[in-house]
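Visitor: Chain by chain, the residues:
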Amino acid sequence: MSEQLNKRIFDELESLVLIDPHTHINPHSAASTTLADIMGYHYYTELAHSAGLAKESIEEPGIDPKEKVGRLVTQLGDLDNTIQLSWLMDICSEFFDFQDETITESNWEYLYDTAAEKMAQPDWEQQVLKQSGLERVFLTNDFDDPLEGFDTKLYIPCLRTDDLVFHLTKNETRERLGKATQVDVGCASTLREAIGELFEHFTSNGARACAISLPPDFSPVSVTADQVDSTVRSLFAGDDLNSEESKLVSQFVFWTLAEYCGVYRLPFDLMIGVNRRVYEAGVYQGQDLYDKRTSLIQYKELFNAFPKVTFPVSVLTSTSNQELVSYSWIFPNVVINGHWWYSNTPAFITFDCKSRLEAVPKTKLIGYYSDMYKLEFALPKFRMYRRVLANVLATDFVINRNWSEQRAIELGKLVLRGNVETIFSC
Amino acid sequence: MSEQLNKRIFDELESLVLIDPHTHINPHSAASTTLADIMGYHYYTELAHSAGLAKESIEEPGIDPKEKVGRLVTQLGDLDNTIQLSWLMDICSEFFDFQDETITESNWEYLYDTAAEKMAQPDWEQQVLKQSGLERVFLTNDFDDPLEGFDTKLYIPCLRTDDLVFHLTKNETRERLGKATQVDVGCASTLREAIGELFEHFTSNGARACAISLPPDFSPVSVTADQVDSTVRSLFAGDDLNSEESKLVSQFVFWTLAEYCGVYRLPFDLMIGVNRRVYEAGVYQGQDLYDKRTSLIQYKELFNAFPKVTFPVSVLTSTSNQELVSYSWIFPNVVINGHWWYSNTPAFITFDCKSRLEAVPKTKLIGYYSDMYKLEFALPKFRMYRRVLANVLATDFVINRNWSEQRAIELGKLVLRGNVETIFSC
Amino acid sequence: MSEQLNKRIFDELESLVLIDPHTHINPHSAASTTLADIMGYHYYTELAHSAGLAKESIEEPGIDPKEKVGRLVTQLGDLDNTIQLSWLMDICSEFFDFQDETITESNWEYLYDTAAEKMAQPDWEQQVLKQSGLERVFLTNDFDDPLEGFDTKLYIPCLRTDDLVFHLTKNETRERLGKATQVDVGCASTLREAIGELFEHFTSNGARACAISLPPDFSPVSVTADQVDSTVRSLFAGDDLNSEESKLVSQFVFWTLAEYCGVYRLPFDLMIGVNRRVYEAGVYQGQDLYDKRTSLIQYKELFNAFPKVTFPVSVLTSTSNQELVSYSWIFPNVVINGHWWYSNTPAFITFDCKSRLEAVPKTKLIGYYSDMYKLEFALPKFRMYRRVLANVLATDFVINRNWSEQRAIELGKLVLRGNVETIFSC
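Chains as they are written, first to last, in this note's numbering: chain P, 1 to 426; chain Z, 1 to 426; chain S, 1 to 426.
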């Protein structure tokens, strides 16, 4: 009975057309063109490398896409237990009619060619959107993205600010800022003005969020323009900053972003907990890890200072999930955002999902985002989440709390879609 | 079969009459008089506020109880997924014959009036105790509570010591101490004497525990009267202390409390992990959160120094649960106490309960306390716990370990009631 | 259906003959001779002590084995809920035909005598190995173990290095090192040479791993012989070191061990997170606990510096499990090793096992080791693990991911045995 119940709820959730509130889609090339686009996703390259495939083999300069896939296939057998590989299998069966249980050295070429043929169809992108039940897709745009040449109603811009906060000490970043804003930055006040230009540009092009990923030890504090002015002047004069000065500038820029989020009424997505380049010899995008010793108490000052800014918060680890639940339960401006990266596997999603649904106002829960780089991944990732969500709704609400199925399904739809519309005004 | 098994065990646990080993009941006004007493519980005000209701609306000075309930009702729809709201629904159906699925703007007035009528019955308190299966209820008394005017056999005093440890630097606290003890405190030795008077007063009035809640960064260490004497003299002379001096006094008072717990054979309830006033603009009692970066290793010196004092320990976060299990497994004087506050929801209780029941001597587990402010909450909160406990006993003991149902039920009754009697000698 | 599925998978896993990749077996006395050997295991002495039995009673000098068991039996009733006691019951029923539900003061003597009779059989050790399905057993040898007088094909040596890294400041350790290696250590270079001798000795006697347990705050860093030379000279000249100097020597020795693991191609087992002697008055081996505030980020430099050394990593707490999953998912040289000590109970194993099997290449998972001191414990401990593993395979793979039973069983066998062979080359 319980399995049938799960299935009925899952089917209802599967029928829902979605808005994906966080991806890394390139709107100029949203869908894949070869299987290498799909199997080049860092989950496969890093897992294949972790299982023994040399980085040099995976990332050989100028390698042909088909050759790259062939090399990765040699290692897939070691990964077939992972949920990440199940996403790949789902993609292959859903989009390319692939029916084999595994991808092997004897069947991959046929798969590659079939996929290439499908992907070459002129409406492939639309096919994928339709088959995946995707209505709109949030992007993650560099701050100097012109936001031109794509439909911003379908692909919703989002201002990504990591470079501004953590890499302004690089010449390149400062040059990009000047070029993008046409502001001649030389002091804290003009730096703030330039950042304001970015918000103007993004919101006038339909942006619905500002976003940043943050290291475990980051603690935002208020830094005024006066406090940082001489440091900003030094920086833009080309001087090197010491680590204290760099930190001060980071804090100032971050605080300024939060202020503009208030002015422009943009939610500020915080993705908390990643250390970059921990495994320095890893493959592209497969080098980042974390230190679980982090706490949302580090954001106390921020959450108190900006009651009018909504902070959709993602945490990298399941050990931070309870803090996220508690902080969202108490702070009106903190909402919970999806299941991120190293916590995006069923065991962690299940536990985190259960604890969220039972303790946080239902209007403050953004169930899931795909985080995808290519459109084909929305289907298997959301399906994984919908399966977990259906089980949680069946067990914790219908069985344990005696809810009607319909009521449970409504709750599922709210966290899957309704809250995305409300929280991001889209 | 498994669902029927769960139900049979649950029914047996439900039939047990309980002693509630930790509450915030006011014995002079133990039951509610209007629905505002119930819906004014911080869980509802803070969740309604978190979902969007203004603090000013909830806490308007002089607001009529019925008006307050009416305002809270406007937000309840956003919270109906939470387990906290399920407690409210249980109260309304069990005590006030309310049968609707939700409380809405169209049915709340009828509910309010029905409840008021019921609560106006002269024996309402006794009705609630009986219907809830409550035999005795532990209190949380201010250190200067006269402990008069109520039945200390039914409402068992407990010496709450937060003010002494963390707020002795306030004039008001020192004045209250002097008044309560009639000791003219001026040095470390008289401070210790005054604290001794409190223990004398409480134990002669039937107190069965000393209790304190502690911030995540607190680490008790031995501080002798000699070490702190000059600082105590300054303090009681009216001087301001710096943070180091304040900390020293806190440590001294805390250590002194532990010593008296040994002398008077009182268990010392430690509730570890809360930071007060994190969300400064929050509603009353809805401002506290935490930093999960805390460890029971901070209590190493304490647990070693007082082998004869029993420490029933509560932790605020499920990420501290494994430490609690391990420390109770090793230290004879550390016992596990309930599921506290932010960990008091089924997902956390389930996992924490399973890990405790399988690794700690069964005589060292206090299953649950309600932490309630009004009597009506014991029923739904204990029921939530009993449901989880029944499932854990059915799955982990009857099914997985082949125990008889009767043996599993006995284990359940021990952690629900038997251990409360033994550990608190009541 | 699901229970039958679990059972079928469990039976298949039970039929597998194993290599136990980490134990504390003494190969000269591998099996027990009386029930006191079994009930003297620290799990029982520490739990009985935790439940109220005096240390003096348990550890009375010269106490007769039967008398000791009799005393422990008086406390067993308080522990019968624990999984640790279920191991004991399994041993008694499997090896000694004991059929009672509990061990009590009225039946223990019969059990003791029956067991003694069985254990007195000359082939008892072989009986236990056979009945337990054990083919080979890894040891934990002191660095100065002569490794003589036993079959190193059956009992595989492993170089345990805690003393070298953390206790070289003791005279005794330095004397043992000199005696074992015949190297006259007086400087960093000769210290390194002596350590090299140990690796030569161990690997020439069939050692398959180097191992160490580490405190929560340990962070390995590269220390060169030059940096530490004068300190090592002082130490071996008999001078006392301050804590900074001691730490430097520890770091140097640890780094040197990792270097030799590379040279001799030995996996380096890291068992991360234990604080020794936290409960100072505890029974033998029942004094150690931990500080959960530790992170694998502390091992960043090590994992990067030794890409050719395989590090099978155990963590003491389930709150570190997600880090272990993530680090093993990213670093090719980090593999996951079993469920250690305070995390070796079903609630933690279940969650940790699920999260590992779904996110880490299957070739990088060492499912379990017994950590036993006496051979009789392999059977119940591995059975506990196999039961959990069977449930996870049934639910997460056969039911949720639609795998065939056979495929799920193959995955189970790989983590139970296949990976032990591959990773330790045995």
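Just so you know, the hints here were simulated from the structure itself, not pulled from any lab data. C-beta atoms are modelled at their ideal positions from N, C-alpha and C, and glycine is treated no differently. Accuracy of the hints is not assured; some may be wrong.
Some, not all, of what chain Z presents toward chain P, calculated at C-beta under 8 Å [claimed, not checked]:
#, residue
1, Asp78
2, Gly282
3, Arg293
4, Ile297
Subject to a maximum C-alpha distance of 30 Å in a straight line, what follows is the list of computed DSSO-like cross-link-like pairs (lysine-lysine) [unchecked claim]:
#, chain 1, residue 1, chain 2, residue 2
5, P, Lys55, S, Lys308
6, P, Lys7, P, Lys68
7, Z, Lys362, S, Lys130
8, S, Lys55, P, Lys68
9, P, Lys170, P, Lys7
10, S, Lys66, S, Lys130
11, S, Lys68, P, Lys7
12, Z, Lys130, Z, Lys7
13, Z, Lys362, S, Lys66
14, Z, Lys308, S, Lys130
15, Z, Lys153, Z, Lys170
16, S, Lys362, Z, Lys362
17, S, Lys362, S, Lys308
18, P, Lys7, Z, Lys130
19, Z, Lys66, P, Lys362
20, P, Lys362, Z, Lys68
21, Z, Lys308, P, Lys308
22, P, Lys362, Z, Lys362
23, S, Lys308, Z, Lys308
24, Z, Lys7, S, Lys7
25, P, Lys308, Z, Lys55
26, Z, Lys362, S, Lys7
27, P, Lys68, P, Lys170
28, S, Lys55, P, Lys7
29, S, Lys130, P, Lys68
30, Z, Lys66, Z, Lys55
Visitor: Indicate, hint by hint, whether the structure satisfies it.
Guide: Hints, one by one, checked against the model:
For aspartate 78 of chain Z, the interface hint holds, the least distance from its beta-carbon to any beta-carbon of chain P being 5 Å, beneath 8 Å. A hinted interface residue such as glycine 282 of chain Z counts as satisfied when its beta carbon comes closer than 8 Å to some beta carbon of chain P; here the least separation is about 6 Å, so the hint holds. Given hint, arginine 293 of chain Z at the interface with chain P, holds; its Cβ is 5 Å from that chain's nearest Cβ, closer than 8 Å. Hint status for isoleucine 297 of chain Z relative to chain P: violated, with the closest Cβ pair at about 14 Å, above 8 Å.
Note on lysine 55 of chain P and lysine 308 of chain S: the hinted pairing holds, with a Cα-Cα distance of about 14 Å set against a maximum of 30 Å. Restraint check for lysine 7 of chain P and lysine 68 of chain P: not satisfied, since their Cα atoms lie roughly 38 Å apart, outside the 30 Å limit. Straight-line distance between C-alpha atoms of lysine 362 of chain Z and lysine 130 of chain S comes to about 34 Å, which puts the hinted pair past the 30 Å bound. With a C-alpha separation of about 64 Å, the suggested pair lysine 55 of chain S and lysine 68 of chain P falls outside the 30 Å cut-off, and the hint is violated.
Under the criterion of a C-alpha separation no larger than 30 Å, the hint pairing lysine 170 of chain P with lysine 7 of chain P is inconsistent with the structure, at around 52 Å. Note on lysine 66 of chain S and lysine 130 of chain S: the hinted pairing holds, with a Cα-Cα distance of about 27 Å set against a maximum of 30 Å. Between lysine 68 of chain S and lysine 7 of chain P the CA atoms are separated by roughly 57 Å; this puts the pair beyond 30 Å, and the hint is violated. For the given pair, lysine 130 of chain Z sits about 22 Å from lysine 7 of chain Z by alpha-carbon distance, which is consistent with the 30 Å threshold.
Of the supplied pair hints, the one linking lysine 362 of chain Z and lysine 66 of chain S holds, its CA atoms being roughly 25 Å apart against a limit of 30 Å. Of the pairs offered as hints, the one joining lysine 308 of chain Z and lysine 130 of chain S is violated, with about 47 Å between alpha carbons and a cut-off of 30 Å exceeded. Distance check on the hinted pair: lysine 153 of chain Z and lysine 170 of chain Z sit about 33 Å apart at the alpha-carbon level, beyond 30 Å; violated. Under the criterion of a C-alpha separation no larger than 30 Å, the hint pairing lysine 362 of chain S with lysine 362 of chain Z is inconsistent with the structure, at around 37 Å.
For the proposed pair lysine 362 of chain S and lysine 308 of chain S, the alpha carbon gap of about 19 Å is at most 30 Å, so the pair holds. The suggested pairing of lysine 7 of chain P with lysine 130 of chain Z is violated, with an alpha-carbon distance near 43 Å, which exceeds 30 Å. The suggested pairing of lysine 66 of chain Z with lysine 362 of chain P holds, with an alpha-carbon distance near 25 Å, which does not exceed 30 Å. The hinted pair formed by lysine 362 of chain P and lysine 68 of chain Z meets the criterion: a straight-line CA distance of about 22 Å does not exceed 30 Å.
For a cut-off of 30 Å, the pair hint linking lysine 308 of chain Z to lysine 308 of chain P is broken: about 52 Å separates their Cα positions. Restraint check for lysine 362 of chain P and lysine 362 of chain Z: not satisfied, since their Cα atoms lie roughly 37 Å apart, outside the 30 Å limit. As the CA atoms of lysine 308 of chain S and lysine 308 of chain Z are separated by approximately 52 Å, the hinted pair breaks the 30 Å bound. At roughly 25 Å between alpha-carbon atoms, lysine 7 of chain Z and lysine 7 of chain S fall within 30 Å of each other, so this suggested pair holds.
Under the criterion of a C-alpha separation no larger than 30 Å, the hint pairing lysine 308 of chain P with lysine 55 of chain Z is consistent with the structure, at around 14 Å. Annotation: proposed proximity of lysine 362 of chain Z to lysine 7 of chain S holds, straight-line Cα distance about 29 Å (limit 30 Å). Between lysine 68 of chain P and lysine 170 of chain P the alpha-carbon distance is near 33 Å, which puts this suggested pair outside the 30 Å criterion. A threshold of 30 Å between alpha carbons decides the hint, and for lysine 55 of chain S with lysine 7 of chain P the separation of about 56 Å lies outside it, so the pair is violated.
This hinted pair does not check out: lysine 130 of chain S and lysine 68 of chain P have alpha carbons roughly 48 Å apart, beyond 30 Å. Our distance criterion of 30 Å between C-alpha atoms is met by lysine 66 of chain Z and lysine 55 of chain Z, whose separation comes to about 17 Å.
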